[in-house]
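Asker: Residue numbers (this note's numbering), protein chains in the order written: chain U, 1 to 397; chain V, 1 to 397; chain P, 1 to 397; chain X, 1 to 397.
Among the clues, some could well be false.
Identical copies carry no separate label here, and so any pair may be met within one copy or between two of them.
In silico DMTMM-like links for lysine to aspartate or glutamate, alpha-carbon gap of 25 Å or less [stated by the list, open to error]:
(1) Lys-134 <-> Asp-159
(2) Lys-338 <-> Asp-128
(3) Lys-212 <-> Asp-258
(4) Lys-47 <-> Asp-128
(5) Lys-237 <-> Glu-315
It is worth saying that the hints were derived from the structure and are not from the lab. Bear in mind that the values here come from a model prediction, so they are computed numbers and not experimental data.
Number of protein chains: 4
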Amino acid sequence: MPGRPALFIPGPTNMPDAVRRAMDVALEDHRSPDFPAFTLGLFQDLKKVFKTRNGQAFIFPASGTGGWEAAITNTLSPGDKVLAARIGQFSHLWIDLCQRHGLDVDAVDVEWGEGTPVERFAEKLAADTKRQIKAVLVCHNETATGVTSDVAAVRKAMDAVGHPALLYVDGVSSVASIDFRMDEWDVDLAVAGSQKGFMLPPRLALVAASPKALEAARTPKCARCFFDFADMTRTNKDGYFPYTPATTLLRGLRASLDLLLAEGLENVFDRHHRLAEGVRKAVAAWELKLCAKQPRWYSDTVSAIRVPDGFDANEVVKIAYHRYGLSLGVGLSKVAGKVFRIGHLGDLNELMVLTALAGSEMALRDAGIPLALGSGVAAAQEHFRQTAHALDVARAA
Amino acid sequence: MPGRPALFIPGPTNMPDAVRRAMDVALEDHRSPDFPAFTLGLFQDLKKVFKTRNGQAFIFPASGTGGWEAAITNTLSPGDKVLAARIGQFSHLWIDLCQRHGLDVDAVDVEWGEGTPVERFAEKLAADTKRQIKAVLVCHNETATGVTSDVAAVRKAMDAVGHPALLYVDGVSSVASIDFRMDEWDVDLAVAGSQKGFMLPPRLALVAASPKALEAARTPKCARCFFDFADMTRTNKDGYFPYTPATTLLRGLRASLDLLLAEGLENVFDRHHRLAEGVRKAVAAWELKLCAKQPRWYSDTVSAIRVPDGFDANEVVKIAYHRYGLSLGVGLSKVAGKVFRIGHLGDLNELMVLTALAGSEMALRDAGIPLALGSGVAAAQEHFRQTAHALDVARAA
Amino acid sequence: MPGRPALFIPGPTNMPDAVRRAMDVALEDHRSPDFPAFTLGLFQDLKKVFKTRNGQAFIFPASGTGGWEAAITNTLSPGDKVLAARIGQFSHLWIDLCQRHGLDVDAVDVEWGEGTPVERFAEKLAADTKRQIKAVLVCHNETATGVTSDVAAVRKAMDAVGHPALLYVDGVSSVASIDFRMDEWDVDLAVAGSQKGFMLPPRLALVAASPKALEAARTPKCARCFFDFADMTRTNKDGYFPYTPATTLLRGLRASLDLLLAEGLENVFDRHHRLAEGVRKAVAAWELKLCAKQPRWYSDTVSAIRVPDGFDANEVVKIAYHRYGLSLGVGLSKVAGKVFRIGHLGDLNELMVLTALAGSEMALRDAGIPLALGSGVAAAQEHFRQTAHALDVARAA
Amino acid sequence: MPGRPALFIPGPTNMPDAVRRAMDVALEDHRSPDFPAFTLGLFQDLKKVFKTRNGQAFIFPASGTGGWEAAITNTLSPGDKVLAARIGQFSHLWIDLCQRHGLDVDAVDVEWGEGTPVERFAEKLAADTKRQIKAVLVCHNETATGVTSDVAAVRKAMDAVGHPALLYVDGVSSVASIDFRMDEWDVDLAVAGSQKGFMLPPRLALVAASPKALEAARTPKCARCFFDFADMTRTNKDGYFPYTPATTLLRGLRASLDLLLAEGLENVFDRHHRLAEGVRKAVAAWELKLCAKQPRWYSDTVSAIRVPDGFDANEVVKIAYHRYGLSLGVGLSKVAGKVFRIGHLGDLNELMVLTALAGSEMALRDAGIPLALGSGVAAAQEHFRQTAHALDVARAA
């Protein structure tokens with residue numbers, strides 16, 4: 001099909017040219033004397049993106065799933081009790097991973113579209129007077145439902161009862177796009193992936209661990225080798241890796257970090273919020289509903305949009321792909337066929353969002369769903385125009 | 001500015017990934033024994049795009065201006081009489097080039113927005129009983145005004161009086177995008193550029209010459225060396241070039257020709273027409289007017305759109321660029337400030353056109369021009385949806 | 001430093017332009033309807049490179065270490081007895097990995113420079129009348145010492161006593177460079193990495209499993225999730241992956257497989273042997289010794305070269321890097337400072353090998369080691385010239 | 001053929017990765033408001049490479065031939081008398097170009113292998129009491145014979161008799177590789193090409209003109225349009241171009257200038273000299289002769305090497321290409337079959353030169369020419385080793 005494909009799944013995202021080119025290099029010697037000068041800066045800047053001064057950053061040549069596994073296996077032992085919530089497909093999969101490693105997961109089910117149930121967590125933590133819960137898992141942004149949970153509130157609930165469990169956060173689709181504050185929220189293990197806000201190909205699991213988490217990792221836990229923190233720590237401190245690292249991707253990470261820090265993390269978050277608001281204005285104009293049940297859970301990186309009863313969301317996604325070259329996300333598991341998803345994260349601007357909306361409108365109409373063509377686009381345009389002035393002022397300042 | 005810039009000037013156009021990658025190669029030996037096997041195919045396929053079997057194709061490492069110069073200097077002598085029309089900035093510049101080479105140009109002026117005046121040409125050709133006119137120049141697609149001229153009609157007018165002048169066509173923004181038929185229309189010299197329908201960087205002048213033109217080139221004409229046909233012919237026949245050719249661009253040309261021929265030239269033309277119609281539907285919905293005065297002159301590769309009196313089109317272009325990252329074309333010379341231009345040629349699809357329209361709408365409104373946001377987008381969407389079905393059927397067939 | 005760096009470590013290797021460009025693409029939707037048409041062919045062709053018809057190929061977004069872990073954790077349970085040999089640093093690390101997963105490894109130590117001790121293995125297998133040994137590990141090519149082991153002989157030893165253990169092969173630096181025959185040698189689990197013979201960046205673990213291995217994997221084994229065979233099998237059969245795959249690397253793998261199969265695996269092996277012989281002729285001319293103790297163990301992908309007593313091999317490597325831009329491999333662990341390594345695998349030809357030899361000669365001399373400049377180069381040149389004729393004939397045929 | 005091809009023709013040269021990647025960008029709007037900020041710096045830095053403060057730099061999207069044409073047609077009129085020497089194929093072609101533009105060339109013939117005959121020039125200039133000679137042409141580095149002429153001496157000869165002619169220098173294969181001093185030598189027009197010392201693809205003609213040359217260009221001269229200085233000057237001063245410029249190549253030029261200025265021009269020249277000396281040591285070791293007749297003419301960018309009588313140099317080039325993937329330059333015109341050429345310019349280091357020498361040795365021997373394998377390599381190695389220490393010291397300083 002002629003023309004550039006339009007990629008609006010919630011990751012992989014659109015890679016900036018600067019990142020693409022940074023990775024288009026010859027292979028290099030990962031044991032060369034010059035290598036550490038390059039890698040040591042990566043760890044430093046990665047910590048800035050996680051907003052941690054005290055923690056340690058790890059770079060695994062794996063996917064987000066690998067990041068989850070690294071966080072879990074280094075710090076927990078088979079049989080350990082874990083508190084988690086199943087708020088969508090990805091939080092479900094993390095729970096499944098824990099169970100495969102022999103952990104005893106207390107998985108709280110909520111209706112998909114809701115965030116992590118802070119009050120239920122608070123009750124359970126208070127009730128756990130024997131401190132059997134060793135880990136509390138929070139999916140910061142559930143990519144399947146477009147729901148952002150309140151990590152700070154979970155921390156507050158833990159602190160309220162002085163619970164010593166470690167706090168684990170899946171930030172795969174939030175870190176570098178939605179404000180995440182590792183130190184301030186006292187998060188112990190945070191996991192991000194390269195193919196979302198970092199605007200890189202999918203292949204790096206970025207993990208941050210607090211001093212408390214690192215302390216926990218010192219005693220024998222789950223079996224692991226590829227994902228071992230200690231091997232990494234021992235070699236990373238000199239700028240090397242325990243096995244051949246993904247050198248080209250590390251070069252891309254350098255470019256990614258440069259872009260993020262040059263724009264400024266707060267500006268990156270504001271931009272994501274502004275663009276996400278445009279999408280939500282469009283959804284409202286279409287008279288459709290988000291999967292996320294309340295505004296406080298609206299995600300600034302992905303919107304899962306419900307199609308009216310009687311329609312098949314998969315049909316919308318198929319038409320968008322085959323007829324207009326637009327990749328949208330399908331609904332997964334419990335919401336399969338009920339929602340389609342627009343990813344609006346990474347290297348994105350107003351016109352790109354309008355492209356996704358214009359294409360979605362056509363696909364929705366082609367699938368028989370009634371809405372006025374151009375209505376969502378117009379609502380988003382209006383929002384972008386109104387907020388552009390403030391932006392101009394800010395940019396000029 | 002984050003996100004991908006939106007390039008909608010009438011050339012350079014959006015380069016397909018396959019073309020970009022084809023050029024991302026090491027430099028090579030242009031005198032190697034393997035080189036001819038590669039280059040000879042280029043000339044063959046280039047002729048297909050010009051729709052000529054009888055003619056010869058030339059590849060100069062220069063811009064379209066260089067292509068004009070090659071066509072003129074190889075076949076005309078100082079003092080030769082040339083018939084041309086000044087229908088916009090680019091036809092004006094070609095006339096200027098002829099004059100610099102000492103040609104005696106009879107330049108017919110028309111209001112910008114009109115095409116080549118076939119009747120005036122017919123009169124002048126009929127009146128030229130001494131056959132002093134050696135060359136008739138037609139700008140197939142005037143990029144400054146978005147006007148397509150009727151080349152076949154000019155040929156008909158020449159044939160009607162049996163006029164032996166050579167017929168020159170500037171196809172820089174038409175060849176490979178708008179139907180051009182060198183042999184059928186008996187065109188003697190046709191000039192194309194790499195950065196328009198060929199979707200390449202600006203640096204190749206592609207010229208085709210008829211047997212009659214090549215015959216004319218055998219006797220001394222204007223002074224030239226870099227643009228000499230004979231040097232090219234002598235070396236090209238064995239697959240080489242008289243001086244170092246633009247090897248990486250030739251690799252890109254291979255990819256470009258592969259894409260054009262795989263899609264099929266007629267499909268390429270249909271696609272351009274369909275997408276251009278979408279733009280025109282939007283312009284109508286905005287209640288604005290094209291610079292092109294009549295539908296028969298509407299260009300399928302570029303639309304020059306008039307802003308209402310009292311507004312400055314340059315302001316629209318500036319806002320689009322600075323606020324939304326959208327590159328539109330400014331008005332040139334006589335229509336400066338009066339029109340802005342949307343280029344809709346090359347590697348383009350529906351969503352890309354909608355992006356340009358959505359961005360233009362915001363910029364127009366920001367510049368104070370009254371129109372309903374989303375209106376142009378909706379009109380184009382409706383057109384694309386209605387024509388998509390026919391396309392699906394055709395693709396499936 | 002001006003000029004192209006010379007990369008001659010035993011992986012990552014020199015990436016062909018075709019592979020580099022194949023990966024230089026936009027990110028894509030790994031759940032798109034078109035994706036399986038692309039991925040299913042990868043698995044098919046990957047099996048050809050492993051020379052297996054019966055087995056199944058897996059592609060993990062990890063390093064070779066991850067490949068080892070996948071092979072082990074899917075098919076063995078904590079406490080299982082494993083027979084292995086510590087013939088160099090990488091076989092040592094694989095043993096270490098097994099131990100971390102709770103396996104009971106019977107690790108046979110040999111002097112570094114020797115291959116897997118087939119006779120010792122035969123004795124132990126014969127002695128294991130209770131069939132407690134569940135796994136036999138062979139490092140086909142030990143990258144640390146430049147030693148190739150005889151996998152077929154180990155299989156023969158197992159068959160001689162009808163031992164039912166699974167046979168595991170580390171083919172990270174052999175598969176796609178040195179003849180490896182999964183089905184013929186009845187190998188159960190084979191592991192390769194992308195950054196060696198596959199000429200790709202380091203990030204794909206390529207694993208092949210026999211039907212017997214897959215059968216073993218059906219019952220609960222070591223804890224795992226990221227490296228789980230079953231998740232892969234369930235999704236791979238439709239062309240998808242259980243988590244976001246390394247899409248750009250998969251595009252590169254396509255190009256790599258195309259190159260390997262176009263050259264022909266046997267030709268690839270012959271080329272590696274011929275080039276390796278050139279290196280060995282040079283080493284002989286320098287009057288130095290390989291780490292590999294006997295010709296039957298000489299590796300066709302990497303040569304570990306001993307420096308004379310009293311000299312520091314690390315010094316040679318440092319000079320080569322800093323003064324001549326040549327990356328050689330250092331000696332690891334037991335042979336640190338005693339050997340330096342030349343990697344001669346992947347996308348390589350005669351002139352590239354001569355470059356490594358010419359640079360090594362200068363560095364060796366600069367480090368004070370006596371040898372005649374040009375002597376190794378001349379020996380390799382002579383070998384390449386003598387064998388070039390046969391090659392010309394073969395190519396012409 | 002597997003492995004990287006070895007490119008050692010005297011241009012195009014080996015492109016550094018940084019330059020390649022700088023050009024691997026999306027197409028851009030050459031009329032955007034941001035464009036001048038980028039282009040104006042190019043002109044400034046280009047002047048540094050030409051070593052001119054007073055002159056003006058031009059960038060034409062053409063080859064070196066186009067650069068010659070620009071220099072000539074803007075400053076001379078048909079019938080003007082030109083003094084030049086035919087010292088090789090490229091100086092011959094420049095003379096031919098002048099003649100095609102109607103200039104009256106007094107072409108002094110010398111034996112190929114000699115430089116511009118300064119004394120003959122001095123006599124002719126002295127004899128030209130009517131000052132009919134308007135232009136003196138010097139080929140700074142004749143690529144066909146590997147001969148560098150003494151530009152300063154020609155200027156001295158002109159000054160000695162106070163001759164007012166303009167001094168033209170073909171610096172295509174010298175500028176950015178061999179010391180060239182536009183202002184100090186009072187050169188009026190200098191021409192360079194992108195594909196030599198600038199390490200770029202062939203497609204930019206880089207021209208510098210002195211104030212005196214620009215003054216000459218103000219009155220009507222040869223017919224021209226594409227190569228017109230005035231059009232360039234008018235638009236360049238604001239950072240734009242009269243027609244679509246080669247944007248991607250301009251991005252590459254930025255990277256090239258950055259590399260040259262970061263290394264330091266004097267270091268670049270020293271490096272070329274040191275590497276060229278290595279080649280010459282090898283030629284001596286082979287007991288062959290250079291085409292250049294005297295050391296004062298030896299070129300630091302290209303060596304034309306004579307094969308012994310009775311042998312065909314083309315055969316050597318063919319064998320090198322087909323058997324070893326090594327591109328050498330053939331002999332042109334008068335020295336066809338008698339010499340082969342090694343280009344040693346651009347992004348080059350010691351190991352790359354040794355590669356070319358090692359390959360040449362094999363090809364020479366395969367062609368039956370007697371020499372000791374490794375002998376040239378050893379001679380160059382010895383030279384590189386001896387001079388490396390001084391370099392280390394300089395680098396450390």
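Asker: 25 Å Cα cut-off: does Lys-338 pair with Asp-128 within a copy, between copies, both or neither?
Answerer: This pair counts as neither: shortest intra-copy Cα distance 37 Å, inter-copy 58 Å.
Asker: Have a look at Lys-134 and Asp-159 and pick one of within, between, both or neither, based on CA distance no larger than 25 Å.
Answerer: within (14 Å within a copy, 49 Å between copies)
Asker: Evaluate Lys-237 and Glu-315 at a C-alpha cut-off of 25 Å and name the case that applies: within, between, both or neither.
Answerer: Classified as between; 23 Å across copies, 51 Å inside a copy.
Asker: With 25 Å as the alpha-carbon cut-off, assign the pair Lys-212 and Asp-258 to within, between, both or neither.
Answerer: Intra 29 Å, inter 47 Å, cutoff 25 Å: neither.
Asker: Between copies, within a copy, both or neither: which fits Lys-47 and Asp-128 at Cα up to 25 Å?
Answerer: neither (32 Å within a copy, 52 Å between copies)
Consistency with the previously given hints fails for numbers 2, 3 and 4, ordered from lowest to highest.
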